[in-house]
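**Student:** What follows is each chain in one-letter form.
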Amino acid sequence: MPKPTPLAFGSVAILHAVADGNRFGFDIMDATGLTSGTVYPALDKLESMGYLTSRWEDARAARRDKRPPRRYFDLTPAGAAALSSALQRYKNLKPVSLAAWRLGKSEV
Amino acid sequence: MRRNPLLRLLLAIIDAGRWLAPASRRRDWRRQWRADILHEWQWLTRHPKGVGDRAGLFVRAAGALRHAFWLRLHVRRLEMITQDIRYGWRLMVRKPAFTIVAVLTLGLGIGANVSMYSWVDGRMRHLVDGVEQPDRLIALNGTTRTRENLSLSYPDFEDYRRRLPASVADFIVYTMTPMNMRVDNGEPQRVFAEMVSGNYFEMLGTRTSLGRAFRPEEGTIPNRYPVTVISHKFWVRRFAADPSVVGRTITLNGVAFTVIGIAQNGFHGTEPYLNLDLWVPLMMQPALGPDRLHTRGSRWLETIVRLKPDVGLARAQTDLDLIARDLGATYADDAGSGVKLTELWRAPSMGGAAVTAVMGVQLAVAGVVLLIACANVANLLLASAATRQRETAVRLTLGASWSRLIQQMLTESSLLAIAGGIAGVLFAWWTKDLASLLVPPAPLPIEINPQVNGDVLIFAAAVTLLTAVLFGLVPALQGAASSVIEALKESATAVTATPRRARLRKALVVAQVALSLILLVSAGLFLRTLMNAQSVDPGFSTRRGLLVAIDLQPAGYDTAHGRTFFRDMLARVRESAGVESASVAARMSLGFGGNSDMGAKIDGYTPAPNEEVSLYYNRIGSDYLKTLGIPLMAGREFTELDTAERPDVTIVNETLARRYFAGRDPIGGHIRVGPRDLQVVGVARDGKYSTITESPRPYMYLPMQQWYRGDAVLIVKTAGDPGSIVPQLHQIFRKLDANVPLFDVRTIAEHLEIAVFVQRMVASLLTAFGALALILATVGLYGVIAALAAQRTPEIGMRMALGATRGDIVSLILKQGLGMTLTGIAVGLAGAFALTRLFKSLLVGVSATDGVSFAATTLLLVLVALAACYLPARRASRIDPLQALRNE
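As they're listed, the protein sequences go chains Z and V. In terms of the working numbering, the first sequence opens at residue 1 and continues consecutively. In terms of the working numbering, the second sequence opens at residue 109 and continues consecutively.
Bound-form chain V, shown alone (with noise of 0.2 Å):
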């Protein structure tokens, strides 16, 4: 068919026009055109009326311009991403070897960060689960001129509630308390409750997903409502979730209370890390023990405050200020002090600004470990760009920009990313419960679940996306700044390594040694820190001996009779055979749990005009010092005959001893406790008291009998196995009173396993820390070692053929490996002597610079580093120089 010019001058348009559009699309995009316009061509031939509108087919052959025009412009984001990808794909599937390394190496930073990432987001979003719009709550503690971490009194709280700000939508006040439960005159059960103000579920937002939660009388009228809502977790475990355990009678410390509900499930309660069973109304605790809801001075409840939609921290600080202000005008127990509010987060109440270094630590070692994990894999990535040198000068003549390439590279590392995020998750997921290995022996229900939740998913997004560019963008940088001709001149094979790439190359390295090099004096450090901590003097020299917890309260015992069981019990305990001697105290040294102090007046001491005396104590029994081992440095231990008939009498340590009776004797001095009076009788030796690492702190002790407490621990030394008169003690006080368990028992060799708990903590985290560090930088070196070496091949092979011994091949090498080794080593030396002095404060009986640590961190890295370097060194020696050269 001879065609009609006026269409042969259409297609000669768009056989030009091909040019305009991107070469991957030049054939594709003729064809469409063509057949178009014939098409329509026949259409118009075929319409009569139709002949007059073929001048209107030039108009929109011009668009066909256009759109090879756009082509052009659009396409490369159109197909090269995908192109990109399939590219990269093939690569990676291609060189099985490199991606497991560089997946594995990504997937161990990127997890390590994941999992540490979990645990903070557990402390920073979920300490109080369960509950509605949980970033409006805030901690809120008493002060005084001192100090800012107090609890609150019931008053307080009522007085507070009463003139709510307009910045603050409601209050609740909670301690918890463990207690005896019996159900049907069972065996009694130890169980941790929070007793709570009535509004405590209400201003929580939190539901009951069985039966109801507190009515606002059960929160104002004392003694009236005895009821309880149990946890969903206790419900399961020690009901099997029987429905009908609403509404049926549980005894809690003798007391009868009726189980009106089952808390939603993932509700625990407002302790850190604390699994609560149940909650009782606050205004049953006269119930349970001496009333403590009338008394302003008494701060024993913790605090949480619900701001009000879009009030910010400072504005209720302001508003409550006020009102502290206020109260303190009016009562005289309130004089001078005031509130404080804190996000949850860094609460005192809930662990404050030691689980946060902790925490801050964490991810500080985790980020470390991505950074090396990056290097790594940049190194890899490097090692891999020499050997596609040529395919990138030929991508690169053949009219690739740079830009591009740049892309094809990121889109590279991004794949290997996303696959090392993947792999990251999964690493966070299994490891997830290797946290409860790092829960504390206490006898309390902690779980410290990190979830890897959709915040953590996100992060761990963020962080791949972080080590993409991290590693990515090193190669591409390189290979974009050699010249396209330099980049032809070169091949893989040239007889040196380019010396810029090299030098990168070995600039990562030195990196990696470096940081790990760090992480590894810091875990040297804590190493040090936990067996120095594990024989740091506790200031008790027994080993050999029992604790056990009892709590006469729950048994309905009153002073007097508390007193008397006291007695009887250490005499029977005293006679049993296997025990050289026994006391009680009411807390146990170096245990969880705060310090208790009260202010006091020593005669013969002024303070200070802004000094307040106020001074930690214990409450102890008869022969307290004898059993444990303390010390007697003056004066007398308490005896049987210190009662409460008697004159106030007090043991101090020799820290107080020497702060308050300089150049006097203290025995005989005298110390105000409020009304009372109190005789210094002994000086007792230092100890320590609270955590293995505190700094000497005055210490006084009290007489169990003149300061009755119902919940003791019974200290017991034994002759031999602590373990083999639990049986006797069983029976002594089954005899003494079945309605006295005995709980918590465990020797003292165990209770001081809980004082090195954060030591031992941070100590493990490190180690695993500086493990995977040193695996991940030993793998870097290792490659870029046998990276070099197989580049320096020809060279190799013309030394041997010069007449070089495989010995000379083998140092060339182990020299070129130490060089980056020694020279990492140094970096990281320095960098360690300037970081680890930041975690002094963790640290027990060893510098921030300790000479053992850093000398051992850096043989162990040479050692490895020679390992790492022998291999490759090895293999270059064997090389066949006749094999080298013919090569070249």
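Excised from the complex, chain Z in its bound form (with noise of 0.2 Å):
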């Protein structure tokens, strides 16, 4: 079932990089910046809650180029409708002036 909490950041960037056309895991990775140990239960989990799908590669392209076919990872629907509201949720966060704070001044 999927869950109606917000997601987490990391959950919500690999949507992003899922999104973005980042589709095996350690592309994922690259892109999110994040560890493997973080970003492979991560899509586990997202898929079990139905944001994501995956799929084995076909297996003759695996074969063109000697290696076994990867598991990669597509956005559906509701994965698509969560990142999108997560996003909004970001975007919606009031603009704040850092200045002061970079500064130090706060601790007055």
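No lab work stands behind these hints: they were computed from the structure. Since the model is a prediction, treat every value here as computed from it, not as a measurement. A couple of the hints might just be wrong.
[As the list claims (entries may be wrong)] A short, non-exhaustive set of chain V residues, derived as facing chain Z with CB atoms under 8 Å:
{"no.": "1", "residue": "D144"}
{"no.": "2", "residue": "E148"}
{"no.": "3", "residue": "R793"}
[Said to hold, decoys possible] Here are a few chain V residues that face chain Z, going by a calculated C-beta distance under 10 Å:
{"no.": "4", "residue": "A131"}
{"no.": "5", "residue": "S132"}
{"no.": "6", "residue": "W137"}
{"no.": "7", "residue": "R168"}
{"no.": "8", "residue": "R174"}
{"no.": "9", "residue": "H175"}
{"no.": "10", "residue": "F177"}
{"no.": "11", "residue": "S955"}
Ideal Cβ placement from N, Cα and C applies to all residues, glycine included.
Quick one: dock chain against chain with the hints and give me the complex.
**Tutor:** See below:
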């Protein structure tokens, strides 16, 4: 069952990476900067939530490259919806000026 | 291609790491990681810059191990539920008979609760529909030292509203009144109206779908604005939803009113279970009858208060108490009186405690039916668990954990429960119209309209979940309690059933039998009550007679003309053929609607310090006692000579005579009511006045000619079929005055049906539920006996091989079934004995521990149980011993 609770940032980043065309575990790691120990479980979790689906790569293409077929991920419509609402959430954050904080003036 | 040693090491790590992953995911995990690593390796090889990053691959491979470990922890949650659902679904489909019986059983149990809840929901939350924030609406009643259910007078209402406390948003007052409506000089038609304060619609937050609601000035200036808002239903029914009705003139009780608006659809007024036709401003009341707007002592209006948001009932009560004290000090009429706030659902004006009590019984009964249904399905599941014992054992030895198996069993039971819940909602949906069968035959636009709405669906979901746990947990825990070795050793065909499991299943059957016995005993008590109630002496013996409601007020009669009309009308009716006797009364005994009472002083009787002498009374015409067949114990009946010009007289009942004229002759005694002094001229036998269950109460009769009222019931005692004189009556009335319509014509026998309405309703509900419970328990008993007999097949085979006859086998199985039944009956009798006392007050002429009901029910259950056991017993006795033993 997809959970209606907001997605964690990591999950959003992964969905975003998949939407951006990164379909394999390693590409997603590179795109998000997350470690494999985070990305792979998260991919499985997102799949179980119905936000991603996974398939095995076409065997002929893999054989041509002399390597086994890889597992690659697709965004589902539910995943796309979840991603867009999550991005909206980030977009809705009020812009704040960080200048003062950078200067350390807050510790008055 | 010879692989780089580094790559081989990486792949070896993945090969070894796969044992970290759970079995179900091992292959895929390894495949995924090998492919990803090989691909990455190729990419790094092709890009010279990447060669240095090869070491980084090890870090990434470490993530693979974390992934594998994570899968081991989480794959259960990810996969098992879907796997269990799929498995449970397959089981359900594979055993359709089991599934159908279980789903139907649960459906009946859940459906009973859902439909009962929809009634309760209707009362608790939809008593006043189509208004804003109904939960803020609270009923207000006037109180005196001894009573808490009085209405309010109009001056009091104005005073409370003027001093509106901070906790209260607003007040409204209203009263229901039947009216005669004529449109374009057509036939007069009876409509049900509410006279309401000018702020009625505004305070309730009800809009009009067409036109407008009342304006402030229409609620403040008497007799100036004859306007009316009609209900949506009435608009559709009477005016075919014609929008041009707004602005038209209709005549109500002889006064021309302008229709100014149509109330929004769904708003039916502020009377419980009634669909009102129209609303008029209270300010028009003086035009429609004797002015009651200016008498502070005249308490005739129901009141609803809207609390401010976040204000509790207690705070508003405190605020209003202060005002009440103030008013009591200012006005003599208000001395000693106060007000009391009550939630609408238990307010006296909304039917009060009696309806709430009946609903309580309904919910409790439905709950019992659900328990029986759960026990039944739990039993079915136990039976299937017995045959799945091997499967369970094998899975346990292969490493499944008990929590895993319990989770799976609960998933299966939830699947059944959800299917049952859906069936239940469907049942409730189909049967919701049956509620209208329980509508009493009263001359009112009654509508009991339970809705299967969102709240009810939420309730249904909650009940479904509860049942899943109730019946699913038993077999699950039962399974968990036995050990693997035991489970493996046992086989489905063991010579004797597992003692523990058999014991549990027997206990469930015993519980079912006990619960159904309780329901059946209750049903029996109410059936006997119904029979008794129908034969209770209502105090009058006339059965062949006709009751006709008439109302002179709308036809424009004043008191003097009304008196004359009644005298002439009675004289003509008495002359007509087939009429033995005729009279009038302000109200007929045992009808709907309360009794009136008034404070009195009785000469020669000194009330106790805190006693208020308050006498119930009825206004009657001459020959009333004779017409209804009420024996006169002493003195005389009212005659045509007891007119307004003659001294005030009264007839009292035996109880009044006994209580207030103890040791004295009541005839010639004096009762003082306000300024009037009534002389007792007769004593009538006691009767039932409001309800068939009431205990004798003091009662007095007043002559209609001396205490005139325009609305009355004409009572006609006939020689033959009461219906046959209806045309004659119409003729008489047309001759006397064509403007006076006859309405609500019914026979006395029909009227008496109303008196037993509550008993009939409870009896039919309990009988229906009792029958349902009996069916469920029978199915349960049959199932268990059949399963136990099937499990004992080898034993039976052996017994037969050793010389047992078929009769021996039948009696062996029957004994087992009867043992369970009798235990259940014993438990049930004890339970019924304890529980039936609770509804003592609803019973008539039968004690809560009535022997006949208890004995008859017990007998019925034993017979049904024997029948349920006989089939499996007979089947067991036909076992071929050779076949049975070969299976071993």
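**Student:** All hints are to be evaluated individually against the structure, with a verdict given for each.
**Tutor:** Against the structure, the hints come out as follows:
Annotation: interface hint on D144(V) holds; nearest CB of chain Z at approximately 5 Å, less than 8 Å. This hint holds: E148(V) has a C-beta 5 Å from the nearest C-beta of chain Z, less than the 8 Å allowed. A least Cβ separation of about 71 Å between R793(V) and chain Z goes past the 8 Å threshold, and the interface hint is therefore violated. The interface hint given for A131(V) is broken, as the beta carbon of that residue sits about 16 Å from the closest beta carbon of chain Z, more than 10 Å.
A hinted interface residue such as S132(V) counts as satisfied when its beta carbon comes closer than 10 Å to some beta carbon of chain Z; here the least separation is about 12 Å, so the hint is violated. This hint holds: W137(V) has a C-beta 9 Å from the nearest C-beta of chain Z, less than the 10 Å allowed. For R168(V), the interface hint holds, since its Cβ comes within 10 Å of a Cβ in chain Z; the closest pair sits about 5 Å apart. Among the interface hints, the one on R174(V) holds; its C-beta lies about 3 Å from the nearest C-beta in chain Z, closer than the 10 Å criterion.
With 10 Å as the threshold, the beta carbon of H175(V) comes within range of chain Z, its nearest partner Cβ sitting at about 4 Å, so the hint holds. The beta carbon of F177(V) comes within 9 Å of a beta carbon in chain Z, closer than 10 Å, and the hint placing it at the interface holds. Hint on S955(V) is violated. Least Cβ distance to chain Z is approximately 55 Å, over the 10 Å limit.
The structure shown violates the earlier hints numbered 3, 4, 5, 11.
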